Each structure stands twice: as structure tokens, then as C-alpha cells.
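A.B. asks: Going down the list, the protein sequences come from chains A and B.
When you line the first sequence up against the numbering used here, it's residues 311 to 616, in that order.
When you line the second sequence up against the numbering used here, it's residues 311 to 616, in that order.
To be clear, the hints were calculated from the coordinates, so they are not data collected in a lab.
Careful, some of the hints might be misleading.
DEER-style ranges, computed between Cβ atoms [said to hold, decoys possible]:
#1 A:Asp415 / B:Pro594: 38 to 46 Å
#2 B:Lys527 / A:Glu428: 28 to 36 Å
#3 B:Arg613 / A:Gln395: 30 to 38 Å
With a Cα cut of at most 30 Å, we get these calculated DSS-like pairs of lysine-lysine [as the list claims (entries may be wrong)]:
#4 A:Lys607 / B:Lys527
#5 A:Lys416 / B:Lys527
#6 B:Lys480 / A:Lys607
#7 A:Lys527 / A:Lys480
#8 B:Lys480 / B:Lys525
#9 A:Lys416 / A:Lys480
#10 A:Lys527 / B:Lys525
#11 B:Lys416 / A:Lys607
#12 B:Lys527 / B:Lys480
#13 B:Lys525 / B:Lys607
#14 A:Lys416 / B:Lys607
#15 B:Lys527 / B:Lys607
#16 A:Lys527 / A:Lys416
#17 A:Lys480 / A:Lys607
#18 A:Lys607 / A:Lys525
#19 B:Lys480 / A:Lys480
#20 B:Lys480 / B:Lys607
The model shown is predicted, which means the values in this text are computed figures rather than measured ones.
The C-beta atom is built at its ideal place from N, Cα and C for all residues, glycine as well.
The lines below spell out each chain.
Protein chains: 2
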Amino acid sequence: MAATTPHRIGRDDVVWSFGPDMEPVLEVEPGSIVTLETNDCFTGQIQTEADLVTEIDFERVNSATGPIAVRGAEPGDSLIVELLQVRPVERGFATLIPGIGQLIDKVQAPLTQVFRVEGETVHMNDRISFPLRPMVGVIGVATDGETLFNGFAGRHGGNLDNHLHGPGAKIYLPVRQPGGMLAIGDMHASMGDGEVCFTGVEIAGEVTLRVDLLKGKQGTWPVTELADRWVVHGTAGPDFMEALDRAVEEGARFLVEQWGFSIEEAFIFLSVACDANICQACRPQEFSTIARVSIPKISATPRPFS
Amino acid sequence: MAATTPHRIGRDDVVWSFGPDMEPVLEVEPGSIVTLETNDCFTGQIQTEADLVTEIDFERVNSATGPIAVRGAEPGDSLIVELLQVRPVERGFATLIPGIGQLIDKVQAPLTQVFRVEGETVHMNDRISFPLRPMVGVIGVATDGETLFNGFAGRHGGNLDNHLHGPGAKIYLPVRQPGGMLAIGDMHASMGDGEVCFTGVEIAGEVTLRVDLLKGKQGTWPVTELADRWVVHGTAGPDFMEALDRAVEEGARFLVEQWGFSIEEAFIFLSVACDANICQACRPQEFSTIARVSIPKISATPRPFS
Numbered sequence: 311m312a313a314t315t316p317h318r319i320g321r322d323d324v325v326w327s328f329g330p331d332m333e334p335v336l337e338v339e340p341g342s343i344v345t346l347e348t349n350d351c352f353t354g355q356i357q358t359e360a361d362l363v364t365e366i367d368f369e370r371v372n373s374a375t376g377p378i379a380v381r382g383a384e385p386g387d388s389l390i391v392e393l394l395q396v397r398p399v400e401r402g403f404a405t406l407i408p409g410i411g412q413l414i415d416k417v418q419a420p421l422t423q424v425f426r427v428e429g430e431t432v433h434m435n436d437r438i439s440f441p442l443r444p445m446v447g448v449i450g451v452a453t454d455g456e457t458l459f460n461g462f463a464g465r466h467g468g469n470l471d472n473h474l475h476g477p478g479a480k481i482y483l484p485v486r487q488p489g490g491m492l493a494i495g496d497m498h499a500s501m502g503d504g505e506v507c508f509t510g511v512e513i514a515g516e517v518t519l520r521v522d523l524l525k526g527k528q529g530t531w532p533v534t535e536l537a538d539r540w541v542v543h544g545t546a547g548p549d550f551m552e553a554l555d556r557a558v559e560e561g562a563r564f565l566v567e568q569w570g571f572s573i574e575e576a577f578i579f580l581s582v583a584c585d586a587n588i589c590q591a592c593r594p595q596e597f598s599t600i601a602r603v604s605i606p607k608i609s610a611t612p613r614p615f616s
Numbered sequence: 311m312a313a314t315t316p317h318r319i320g321r322d323d324v325v326w327s328f329g330p331d332m333e334p335v336l337e338v339e340p341g342s343i344v345t346l347e348t349n350d351c352f353t354g355q356i357q358t359e360a361d362l363v364t365e366i367d368f369e370r371v372n373s374a375t376g377p378i379a380v381r382g383a384e385p386g387d388s389l390i391v392e393l394l395q396v397r398p399v400e401r402g403f404a405t406l407i408p409g410i411g412q413l414i415d416k417v418q419a420p421l422t423q424v425f426r427v428e429g430e431t432v433h434m435n436d437r438i439s440f441p442l443r444p445m446v447g448v449i450g451v452a453t454d455g456e457t458l459f460n461g462f463a464g465r466h467g468g469n470l471d472n473h474l475h476g477p478g479a480k481i482y483l484p485v486r487q488p489g490g491m492l493a494i495g496d497m498h499a500s501m502g503d504g505e506v507c508f509t510g511v512e513i514a515g516e517v518t519l520r521v522d523l524l525k526g527k528q529g530t531w532p533v534t535e536l537a538d539r540w541v542v543h544g545t546a547g548p549d550f551m552e553a554l555d556r557a558v559e560e561g562a563r564f565l566v567e568q569w570g571f572s573i574e575e576a577f578i579f580l581s582v583a584c585d586a587n588i589c590q591a592c593r594p595q596e597f598s599t600i601a602r603v604s605i606p607k608i609s610a611t612p613r614p615f616s
């Protein structure tokens, strides 16, 4: 049955930007399961601690594997991407990049740090290990006009850098072009909220997902469903507070339009029961800042797009 | 035995600011258990939805019950405050305040919303209920010089508005004056990160805590211990990003000074494994902005102040 045939895309089928005109490398039925190989964000240009970020080709960063066209997806719909598995390889990298990040003036840079993934643990060195928290930084669809390099986030998704985009997350992506044109990359074995040195544990890997289609409903930005909450996003340029404003407005829009809150109820509920937080606020921020607002699943918020 | 005698302070013994010269209403031995009654942030001036925030006396907001002197506490030490119980009363309030909050231009204000607490649930109205998440917004000690109204946060604590300051949290407060002079107030039955309309579910209640003393060690700001992480803080004026910078610097200071990380290891670890987030970023922000950074408990971060 077409809807359940497993599909696979290799890590050479990538895009470097999201725009309005994207050619699919795979076309699938709603309900299909796809496994994607993803490159690390440096596309293999960093292999050891002797390889420095100042020496790489920045035209070849943040590749996203795809795009996948979903049959029947039309502007106004959502692609529902359920991340079934996010499996990093054994070795990842973080870098300190001259001029970038909250503490950059206090450190030696450039610098490359190698990490080793073993089971559920990420080893930084003999002394420092921490839990694996795999996620994808870049997930998006074709835009309605602009073309954005994968370093940027926007209404199409892109470099959302939301650490909650790991196994079990269900991401509703707003379709702006026929087929949607899903692409995914920039896996991290772990990334902290804020990503204050501008890298997580950057790593290649495989993502297995189920893609489905919701007709005639979408968010302004991608909306993420977890077991206990809905997560809306807002993106902006260098000013994180503008991203936060947008995410709060998007949360209010959902509460009012999807769940029947008055705008006053929405504002109060956002303040007393929802968590406004940071996905990406590294600075100086030359790409995007990204905020999220988590709305708890309660009886009044049964599902969005209702 | 003095160290385990239960003590009690009523809700009339309050302070409205933290400064260098504070007179204790209670003096206890390290190890003592104390129960404090706390006022809601409006000090009872709002009782029904007909009572509007524009009509109250703003000299009487954010009272903190105390201060408590801890015998033997000297500048350079930390008071360790373990929140054993945070018990709100049955009725709380949120308000929409003209000119304040991300969505204020879209709503009718002033407006008062009453909430009813029943067991583990907070009821907003017939349609909207959400989980109880009790915490204290104001917790602090005497300062080393400045006097700050309880609406502000600073290195002494004060209005930190960290929703993680609920039952089970252990807060290490930096002692700057003999006795420490602990005071606590501004309970919320629930408050979202960001507190975007500037109120949580503001409510009176009782706090039961154990206070202990750590000699000769302290953070720049209060440091909070949870079961799975250490939480450091940074506070600033209206610019939240400055608060975030300070919290990241405080996280690095702990990683380097307490746990032996190099500054490069600290910067990378903060980016890949620690979550930089928002306590308070309501705007326009006339009081303080507050950021936190959560550092996971791993073998390399066994306890601070080691």
C-alpha cells in the first residue's frame, strides 16, 4: 500500500535554502514513512579538532535533506511531520567562532570540540558527559515568495533550533506551495535553549518520520505538538524581543481562533499558564532569533486547527 | 531543640523593599523550619472582579513576609532556603494593566480575573482550568547597599519571578548583611515564564521552609537547586538580553570556579547542554527583566560551592 511504503533519501539530496520554487526528490502519499540521512551542519568539512570553522566554506553549511512533496498538499494546508526517530552517528562537533556568542570575548577562538555519542550519553571529554537529547535544527517547507538560506528561520520553519524537535514531536508545517516541499537537517545530539555559542553538538544522522496532511488549516509559523503541550513559534531578525512578541501574538491567535478564548482570556492565560521561552538567542545575532510559547494541553485546548 | 522548633510569621510582618538595614521579626538557628503567611501581591486590595488595578495603592504591592535572621550568617555565606510547602488559599487574581504587557493594545483594560484553586487545579472560569503550579515570585535577603522596592529583582533576589521556585526547590541566597534577613512573598498559584501580562495567579498563602547556612560560599545572584539541575540567574533593567548575558556569565563563572571547567569548555557546555530561558520579560518593562540558565546535574557538576 503506497501510504505505508517506507521511503529513503540519502544525504546527497539536499537544499541550502528554502524558497518558493523547490523541486522534489521524492513524492509520497499522506501517511507515508520516510527515512532521511542528514549531514552535520558543516557538511563533513570538520572531522577533527584540527579542522577550524574559520577554514570552511560557509556556502556549504546547514544542508537540509529533501525536498519531499506530499501528494494533495496545497497552500493553506499543513504538513504534519511526526518525528519517529532521530538517530545521530557516533561523532559530533561544536565550534567557537570568532565574533559570535555571549562569551566569545573571554575565550580562545576559533576552536573545535569533538563529542562522542555512546548510547544515551554524549561524551565531551574524560570529565564531562551529559544526556543525549537528539533534535533537528532545520525543518521547513517552501515559502510563499522569499528565498531564505538555511541559516535563517521564518514562517516556513527553517533553522528553528527548537530543542523540543526530537523523537515524538509532531510538527505542523504551513504549506505555501503545492506538495509542501519538506526538507530537514542540522541534527544536534544535544542543543541548549539559546545555543549561546551558535552550535549544538553538530552531527550527521538519520531521521525517520511519518508525514501526513491536514487540509485547509495552518499556523503563521510551524506549530509543534508534544504529549503535554502545543508549542507555537515566532521568528525575527537580531532582536529577540521581537521574536518573543510574535510568538506571544501567535499563541493568542491560536487561543482565540482555534479554541474560542476571548482576547482578554488569551492574554491572561498566556501570562499565568503558558511558558514563553527561547529557542535561539545567540548574539550578536546575524541570522534569526526564535522564540516559542508552550501552551499546556487542557480541556479547553484539545487540538489546534479544530 | 532550637534547630528543629517550628516557627511561624504572620502576614502582617512584611517588608516592601530589600535594603542594607533590615530589622528581623524572627531569629532562628540554621536548620530551623519556618512557616510564613504571605499576602497576595495586591495585599488584599483586590477582592472581586469589580476591583480594578487602576484603583489600588501601588505603595502596597509585593509585600514580603519577614525578615528572618539566621544566627551565624555573615557576608560571604549563603542562606539555603528549601521550600517544603507552598500552599495557596482558594482564590487568586490576575489583572490586565493599562500600558503593560505584550498584548495590551489589543485588550480591554483594566480588567480583573478571579481564579479558584481546588486541589491540584486552578479554575479560571467554566471553560478554562489548568494545573496548579505554586511558586513564590519574591524571595530575597538584605542588600550590600542599594534599597530596592519588591517589584525589582537584583543580586539579592527580590522579584525573581522564577516559576521553578515551588515545592522542593532549594535556593542559595547570597548573604550580604549579618543574619541574611530572608523575606518571601508574591505567591502565584501558577505563573508562566515571561509573565507577559505582568501578573500570574496572584494569591495569598503559606510557605513552609527549612533554612540552613553555607559558610563562605555564594553566587553573584541566588542559585537554585532542583532534583535534576542547578539554576543560575541574571537580572537587568528593561533590556532582557542584558539579563540573559548576565545569566550566561554567571553560569560560566560557576562552571569554571566551582566545577573546574576551562572557560572554553564552559562556553561550549552552556551552548550544547544548558537551557538559557526567561523568568520575566513582560514589556514595556518598568521594573526588572530576569533570565535563568539551567545547568544539568552531571558527574562534572556534583554540587556548587564545593
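A.B. asks: Hints first: check each against the structure and report whether it holds.
C.D. replies: Right, here's what the structure says about each hint:
Remark: the range hint 38 to 46 Å for aspartate 415 (chain A) to proline 594 (chain B) is contradicted by a beta-carbon distance near 30 Å. Taking the beta carbon of each, lysine 527 (chain B) and glutamate 428 (chain A) are about 34 Å apart, inside 28 to 36 Å as hinted. At about 35 Å, the CB distance of arginine 613 (chain B) to glutamine 395 (chain A) agrees with the hint of 30 to 38 Å. About 42 Å separates the Cα atoms of lysine 607 (chain A) and lysine 527 (chain B), which puts this hinted pair outside 30 Å; it is violated.
A threshold of 30 Å between alpha carbons decides the hint, and for lysine 416 (chain A) with lysine 527 (chain B) the separation of about 24 Å falls inside it, so the pair holds. About 29 Å separates the Cα atoms of lysine 480 (chain B) and lysine 607 (chain A), which keeps this hinted pair within 30 Å; it holds. For the proposed pair lysine 527 (chain A) and lysine 480 (chain A), the alpha carbon gap of about 15 Å is at most 30 Å, so the pair holds. Distance restraint check for lysine 480 (chain B) and lysine 525 (chain B): the Cα-Cα separation of roughly 16 Å lies within the 30 Å cut-off, and the hinted pair is therefore satisfied.
Note on lysine 416 (chain A) and lysine 480 (chain A): the hinted pairing is violated, with a Cα-Cα distance of about 39 Å set against a maximum of 30 Å. With a C-alpha separation of about 59 Å, the suggested pairing of lysine 527 (chain A) with lysine 525 (chain B) is violated against the 30 Å cut-off. For the hint linking lysine 416 (chain B) to lysine 607 (chain A), the alpha-carbon distance of about 24 Å falls within 30 Å, and the restraint holds. A distance of roughly 15 Å separates the Cα atoms of lysine 527 (chain B) and lysine 480 (chain B); the hinted pair therefore holds under the 30 Å criterion.
Distance hint between lysine 525 (chain B) and lysine 607 (chain B) is fulfilled; the C-alpha atoms sit about 22 Å from each other, no more than 30 Å. In summary, the hint linking lysine 416 (chain A) to lysine 607 (chain B) is supported, as the alpha carbons are separated by about 24 Å, within the 30 Å threshold. Straight-line distance between C-alpha atoms of lysine 527 (chain B) and lysine 607 (chain B) comes to about 19 Å, which keeps the hinted pair within the 30 Å bound. Restraint check for lysine 527 (chain A) and lysine 416 (chain A): the C-alpha separation of about 47 Å exceeds 30 Å, so the hint is violated.
For the hint pairing lysine 480 (chain A) with lysine 607 (chain A), the CA-to-CA distance comes to about 14 Å; that is within 30 Å, so the pair holds. Between lysine 607 (chain A) and lysine 525 (chain A), the direct Cα distance comes to roughly 22 Å. Compliance with the 30 Å bound is thereby established for this hinted pair. With a C-alpha separation of about 35 Å, the suggested pairing of lysine 480 (chain B) with lysine 480 (chain A) is violated against the 30 Å cut-off. The hinted pair formed by lysine 480 (chain B) and lysine 607 (chain B) meets the criterion: a straight-line CA distance of about 14 Å does not exceed 30 Å.
Of the numbered hints listed earlier, those contradicted by the structure are 1, 4, 9, 10, 16 and 19.
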